Amino acid sequence: MSVDLFNKSYFDIFNVPLSYDIDLNKVGEIYLKLQKSVHPDRYANSGDQEKRIAMQQTSLINQAFYTLKDPVSRAQYMLKLKGLDMDSETDTTMDAEFLMEQMEFRESIMEVQDKSDPLSELDSMLAVLGKKMDGLSKDFTNLFVNASYDAAREAVRKMQFIIKAKKEVNELSEKLEDELM
Amino acid sequence: MAYSEKVMDHYENPRNVGTMDKNAPNVGTGMVGAPACGDVMRLQIQVSDDGIIENAVFKTYGCGSAIASSSLVTEWMKGKTLEEARKIKNMDIAEELALPPVKVHCSVLAEDAISAAVEDYMKKKGS
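So the protein sequences, as listed, match chains A and B.
Following the numbering used here, the numbering of the first sequence begins with 1 at its first residue and continues without gaps.
Following the numbering used here, the numbering of the second sequence begins with 1001 at its first residue and continues without gaps.
The set of hints was computed from the structure by calculation and includes no laboratory data.
Keep in mind it's a predicted model, so treat the numbers as computed, not measured.
Hints may contain errors.
30 Å max Cα-Cα, derived DSS-like pairs, lysine-lysine [to be verified]:
(1) LYS1059/B - LYS166/A
(2) LYS1089/B - LYS131/A
(3) LYS167/A - LYS1006/B
(4) LYS1087/B - LYS175/A
(5) LYS1022/B - LYS167/A
(6) LYS1087/B - LYS115/A
(7) LYS1125/B - LYS1022/B
(8) LYS1059/B - LYS167/A
(9) LYS1006/B - LYS1125/B
(10) LYS175/A - LYS1006/B
(11) LYS1125/B - LYS166/A
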């Protein structure tokens, strides 16, 4: 393993194309191989500098792997490579209709506890959210391929709300299941 | 994270939670969202003919700081003119609620919600 790793994109590190639809199994396999090759234990008898580089490589490989593994952070990273700023916390304007829909969805999550079978309601909510996420993923893929990066960024921002809603549904499911036991 | 007393107060007793008819001509609605934390905020104002905010309501799905920020601005906006309301800045909100730096973006969300609500009202008035 050469120091060159530090100049590569995360996609190049795992030898996959710069694309949203990467083969995550392949990435996982290469991740394990890379991890072994730079494992600090292999450098037990090496000099301090070599050890330090091995550790830096390990943490780079970890960061690259977890960035590519997660759909939202993968998409964000792709846009960063194209020079778009994804970190801005202060950019709050979004498609009002989408936000309205999100608000209604959150309201329905809160109201689900009053339903006769809240758990199956929550399951169908997860299915709805899953479909939305799939749709946004497809949008992102196409927009990115067509170099419509601003629109692709919007799709990612929407994904973040879907992920948050999913998290809330899952948390409520767990809470209700605990109460049933 | 430890919330300040003021945040806890607004969080436990949120002021002016509610909904107005978004199609009413004297109502302005501001919808904003923060992708980083998935917070969604809706702020609505009811404006008199002479441009005074008679009433303000909100609904926020988010953390305690986001709820407190929106609750606080509904209190602050009442009785103000649209121009005065627009002068409410996120740092005023953050200071009043003693928000820690990592939660300052919640106050930005509230400031943006004010702008969005005022703009929505102005657009209705203009057309």
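Cross-check of the supplied hints:
As the CA atoms of LYS1059/B and LYS166/A are separated by approximately 20 Å, the hinted pair is consistent with the 30 Å bound. Between the alpha carbons of LYS1089/B and LYS131/A the distance comes to roughly 38 Å, so the proposed pair goes past 30 Å and is violated. A C-alpha spacing of about 28 Å is found between LYS167/A and LYS1006/B, which places the hinted pair at or below 30 Å, so the restraint holds. A threshold of 30 Å between alpha carbons decides the hint, and for LYS1087/B with LYS175/A the separation of about 42 Å lies outside it, so the pair is violated.
Taking the CA atoms of LYS1022/B and LYS167/A, the gap is near 29 Å; set against the 30 Å cutoff, the hint holds. For the suggested pair LYS1087/B and LYS115/A, the alpha carbons sit about 43 Å apart, so the restraint of at most 30 Å is broken. Straight-line distance between C-alpha atoms of LYS1125/B and LYS1022/B comes to about 14 Å, which keeps the hinted pair within the 30 Å bound. Under the criterion of a C-alpha separation no larger than 30 Å, the hint pairing LYS1059/B with LYS167/A is consistent with the structure, at around 20 Å.
With a C-alpha separation of about 36 Å, the suggested pair LYS1006/B and LYS1125/B falls outside the 30 Å cut-off, and the hint is violated. For the suggested pair LYS175/A and LYS1006/B, the alpha carbons sit about 29 Å apart, so the restraint of at most 30 Å is met. Our distance criterion of 30 Å between C-alpha atoms is broken by LYS1125/B and LYS166/A, whose separation comes to about 38 Å.
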